[in-house]
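Residue numbers (this note's numbering), protein chains in the order written: chain A, 1 to 681; chain B, 1 to 681.
For the record, the hints were derived by calculation from the structure and aren't laboratory data. Virtual Cβ for every residue (Gly too), placed ideally from N, Cα, C. Among the hints, erroneous ones may be present.
Claimed, not checked - Just a sample of chain B residues kept apart from chain A, beta carbon distances all over 12 Å, derived:
no. : residue
1   : Asp-333
2   : Pro-527
3   : Asn-534
4   : Leu-554
As the list claims (entries may be wrong) - List of simulated lysine-lysine pairs, DSS-like, C-alpha gap at most 30 Å:
no. : chain 1 : residue 1 : chain 2 : residue 2
5   : A       : Lys-678   : B       : Lys-335
6   : B       : Lys-220   : A       : Lys-681
7   : A       : Lys-681   : B       : Lys-222
8   : A       : Lys-484   : A       : Lys-421
9   : A       : Lys-681   : B       : Lys-44
To be verified - Here are some of the chain A residues that sit facing chain B, going by a computed Cβ distance under 8 Å:
no. : residue
10  : Glu-124
11  : Pro-276
12  : Arg-309
13  : Asp-550
14  : Thr-605
Protein chains: 2
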Amino acid sequence: MCYNKGWLNYHRIEHYPDVDLLSKLYLCGVKDYLPGDITFTAVKELVNAINGMLNIDVEVDIQGQRELIPSDKYGIIIERCNPEKEEEFAEYKLVGDGFLLKQCGFHLLILARTESGIMYGVFELIRRIASNQSINQVEILENPKNPLRMLNHWDNMDGSIERGYSGNSFFFEDKEVVVNDRTKDYARLIASVGINGVVINNVNVRAEATELITDRYLGKLKEMADIFANYGIRLFVSANFAAPMEIGGLSLADPLDEGVANWWKDCIRKVYEAIPGFGGFLIKADSEGRPGPFTYNRTHADGANVLARALKPYGGLVVWRCFVYNCQQDWRDYKTDRARAAYDNFIGLDGKFDENVILQIKNGPMDFQVREPVSPLFGGLKNTNQMLEVQIAQEYTGQQRHVCYLIPMWKEVLDFNTYAKPEGAKIADIVSGRTYGQVNCGMAAVANTGNDYNWTGHDLAAANLYGYGRLAWNTDMSSEAIAKEWICMTYSYKDKVVNNLLQILLKSWPAYEKYTSPLGIGWMVNPNNHYGPNVDGYEYDRWGTYHRADRNGLGVDRTKEGTGYAQQYNEPNASMYENIETCPEELLLFFHYVRYDYKLKSGKTLIQHIYDTHFEGVSDVEDMIRSFEEIKSMIPEDVYQRVMERFAMQLDSAKEWRDRINTYFYRKSGVEDAYGRKIYK
Amino acid sequence: MCYNKGWLNYHRIEHYPDVDLLSKLYLCGVKDYLPGDITFTAVKELVNAINGMLNIDVEVDIQGQRELIPSDKYGIIIERCNPEKEEEFAEYKLVGDGFLLKQCGFHLLILARTESGIMYGVFELIRRIASNQSINQVEILENPKNPLRMLNHWDNMDGSIERGYSGNSFFFEDKEVVVNDRTKDYARLIASVGINGVVINNVNVRAEATELITDRYLGKLKEMADIFANYGIRLFVSANFAAPMEIGGLSLADPLDEGVANWWKDCIRKVYEAIPGFGGFLIKADSEGRPGPFTYNRTHADGANVLARALKPYGGLVVWRCFVYNCQQDWRDYKTDRARAAYDNFIGLDGKFDENVILQIKNGPMDFQVREPVSPLFGGLKNTNQMLEVQIAQEYTGQQRHVCYLIPMWKEVLDFNTYAKPEGAKIADIVSGRTYGQVNCGMAAVANTGNDYNWTGHDLAAANLYGYGRLAWNTDMSSEAIAKEWICMTYSYKDKVVNNLLQILLKSWPAYEKYTSPLGIGWMVNPNNHYGPNVDGYEYDRWGTYHRADRNGLGVDRTKEGTGYAQQYNEPNASMYENIETCPEELLLFFHYVRYDYKLKSGKTLIQHIYDTHFEGVSDVEDMIRSFEEIKSMIPEDVYQRVMERFAMQLDSAKEWRDRINTYFYRKSGVEDAYGRKIYK
């Protein structure tokens, strides 16, 4: 077991301007301060961080009372708001786990209502120092934008990880739960960016994983939950809807059956007896072969609510995934449209879910493609708790062999105006609870971690893990700001390093999009493993993922004339997508069948656009490699070697994408490249 | 362990005309007649067969001397030629394991030079009876056309079978060699059709299989070899060229290294000490990742000869496969041609192999496609022992879920005139040794057996196993005659059964060809498992198997303008293939890139031909099903059920092929079907 510290490695910062403020630390209003308490964790972290970065031994005064702190001496004050003296703190408008980081005279104040808030404030201060930003006269008030900021791990109990590209699981090995130093370092990493909930096992719950909620594993899970709790993180597990049958010995799993409901109640009672702070369940039901309420002619609401009612006495949540579609489609069927499935399955259930149920909705209607429209459930559902699900694991975006910085994609999703209300409602507003006043809501992401030395396979993929947490905390942050923070924290605040890595990260998603499937059509990958080009790989398969390319053009007609999918959006979005002239071009082929000779707004034909972007994408990768080579001497040698190995794989793969796509469409269209570049015949 | 008797089930024949001849049996000139002797086996088989089919208890007189047999009483005489009285038998022109079956007065004589010959004569008599053919005045002299008539089993020691579609291995289980009743029944089945050599393990020799030639397994192999010997069959194994390293502890496997040569000598000496009648080795070297002499810059001849010299003292053979090609090809490379590989690799070695080495050459240059030209090594090699390899296992021809009677395909191969000599030389002439006087030569086939109840997965696939043996014995037999024999032996000699099953079998290969890849282009299957349609499945892959379809046409140019493959044939074949006008149309796309609007000899365009054959192929399957339904009452119910289940799968699959191929080419060509049939867009 060998791993690095990720972005919490606390490399030395030379000549930091504001060291005076940092040599002493006072605690105020902190009741619990023992190992195991979040504040204790946070203070220890801050002391270590300051020592690591600035070589200062911080003196900690844990008995601090406001009035005893000398007002003419420098020092950090960590203070927890006293709920009995609400008026003293009201001016700061702290909400939930928010924090205030503010210089007040000789003091640098970190103020919060909760222990977690204190920890988040501490990490904000650490980021400032790592970025070599002055804290002189700092004043930052941050309240989390999303109540829930979750990670979903698709780890299996045999140690494998579904769609894992960073080694094996560090949660499971040989059907046992693993708790060790790495558990703590993992919690520390993700807490530092604001994660407050973790689902540790694969949503496809099979075999032993079904038993995670039984005595067989609860003891070990308690150990893990305690470590997580030290960092303000709640432990969740993916549960098997058929558990009453598979491990309960019942003959059915009908959510309206009293025996089933009682079984769940009993099961959940035992879970909470073992782990009082347990978060709840993530459920994938009636999807891709997983069991669910459909078997009993029950609805998803019936299915979710039976669990919710059993969890409710303990404050537990049910997170119910909306990734439900027909995965036995016939390619000859032009009417069934997988894109429609989540909306069609769930919109009729709006308002029917209990208050501790949250629907977890993938960002797009398909499955984490490099480019998709947003799910029309956002802006459709009005009386249902919602959580946005994104995928940090690069299943369809290069599998951590390609650099693909995904924050800009998620930003676009969050910023999308659903027009759910006349004055507008961005997805960020909806999932945060701002639009409809929900409290059980937020964001979830499929993690990209594993037991690789660098946690994420590709060193630069850590930016996505880091960035997801930061974005879920504060959806207003820009992709650039997040990337810069991560670079400073991980490697260096020096301009050259920051600029070059920033260039690479910001170029990476557009580059990947350019050299893979064009204009929102998606897929064109090798079936099953989802890596590398295969234009017809899914074209005649049962997964509902078609491009319909012929000798004249390609694309799926999802207008009223076609599958009608565009009509699932609110106006004016529906009309925008419906009309080829107003449809955003990056989604043109998702919504329309388009001829190769169709003129894009650039003046290029569709086919020439395909050729151009594919040549450009490869050229972009070459640029990224050059940028990276330039900072060789400024980053650790092992990082450089690992990243360069992956860049070599990426470049090969990008060329393969370019050539296959170009050849495929040349063979179909017969149109020569306007610039006479090499297209294989 | 439960299985049927295949074509040796000896069902009752009512009203057989010539029962008188069969009630008594005399043995003459037989020296060895104990359990374990082939003659003993043969006599027992004949007695059982006559009893089973005709309900007669045959009285056996084993002390028979010609002069003591009453010349006025009916009886069968089984006589082995006395080599000391050659002149007495010279008139019969018996060669090798040939036999004479002849009525002489009151006697039915089965005469042979060898014990095996007697057995083959016995099985000929059994076939006559099963087919309800009179033996009155019968006179059949048959000498085997091919000295070696082998089966290759691709069985792995874990019990799986590479490209096995009939269950698991009955030779291996859990890394152990299995010898039981089924071993004997297997030997009996294949001996009855003339097989005299069997390779029991996969040509890809890995892990434990490398140790088959060591003490660990030789004891058990001896038991198996003894059973085989009772039926005139020699046991061979596939060996690992790297065995000197993998199990010998040497640092290399260089065939010119003395230590390596000595290791093989020592190893082989021990093998023959354990199994004196051992046949030798089958070797797949330097192919698809298997080790071979290339590692040491040695030739295939060097590699084969080192083994041959170690085997020679014991009469052992090395069968060396010519399936050698570059399996890391780039689809962008239009010059490398997998079809050229076997010829390019081996033609320069002609005459360099020892006399106990045989090159085993696949029928075509690619890999057992539904249609390929013959390998140009046949007619190219002149001073090298050669064996024709065909595949009974239906890897690319429906995997025993589709009926595909392959004898007609093999007949075409055998009848192909290579023009190796001015007067012509068919492949049947070359591999039999007739053209160049070789003695170590013949035919080999990848078996289609497994531990399924019916041995071959599909009941009708047994016709291919049966037929391969019969054809290897007598390459002059017609496909119809072989099929009729198999039907009579297995089910019934009744006209309706024979006619309907014959129709099905003879229709099956053409039907499969019609609904799968057109005009010799091959492939278009799902990668790896090779079942079901996937037009572009291999098109951009590394296997050298491309169709090069674009919007104007498809096909691979293998003329001088293209890869030059056609030039590997002798004239006039080279020119025949080179010229699109004289190229046989069933191979048109193998040799030429052809436009969709090219007019075939039928007057149809290529694209219309593709549509038509795909509609016809499905219709042929429907015809086959109707034919089969008509004989429901005349065949065993379990057979009917099993075959109908497979027919349902075949029909589904045929429709999928039809629709995918038609849609694929419609999308590329844009040409409508002339008859307006349903082609999905």
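How the hints compare with the structure:
| no. | hint | in the structure |
| --- | --- | --- |
| 1 | Asp-333 | violated (9 Å) |
| 2 | Pro-527 | violated (9 Å) |
| 3 | Asn-534 | violated (7 Å) |
| 4 | Leu-554 | violated (10 Å) |
| 5 | A:Lys-678 / B:Lys-335 | holds (17 Å) |
| 6 | B:Lys-220 / A:Lys-681 | violated (56 Å) |
| 7 | A:Lys-681 / B:Lys-222 | violated (57 Å) |
| 8 | A:Lys-484 / A:Lys-421 | violated (35 Å) |
| 9 | A:Lys-681 / B:Lys-44 | violated (66 Å) |
| 10 | Glu-124 | violated (50 Å) |
| 11 | Pro-276 | violated (49 Å) |
| 12 | Arg-309 | violated (45 Å) |
| 13 | Asp-550 | holds (4 Å) |
| 14 | Thr-605 | violated (16 Å) |
Violation of the numbered hints given earlier is confined to hints 1, 2, 3, 4, 6, 7, 8, 9, 10, 11, 12, 14; the remaining hints are satisfied by the structure.
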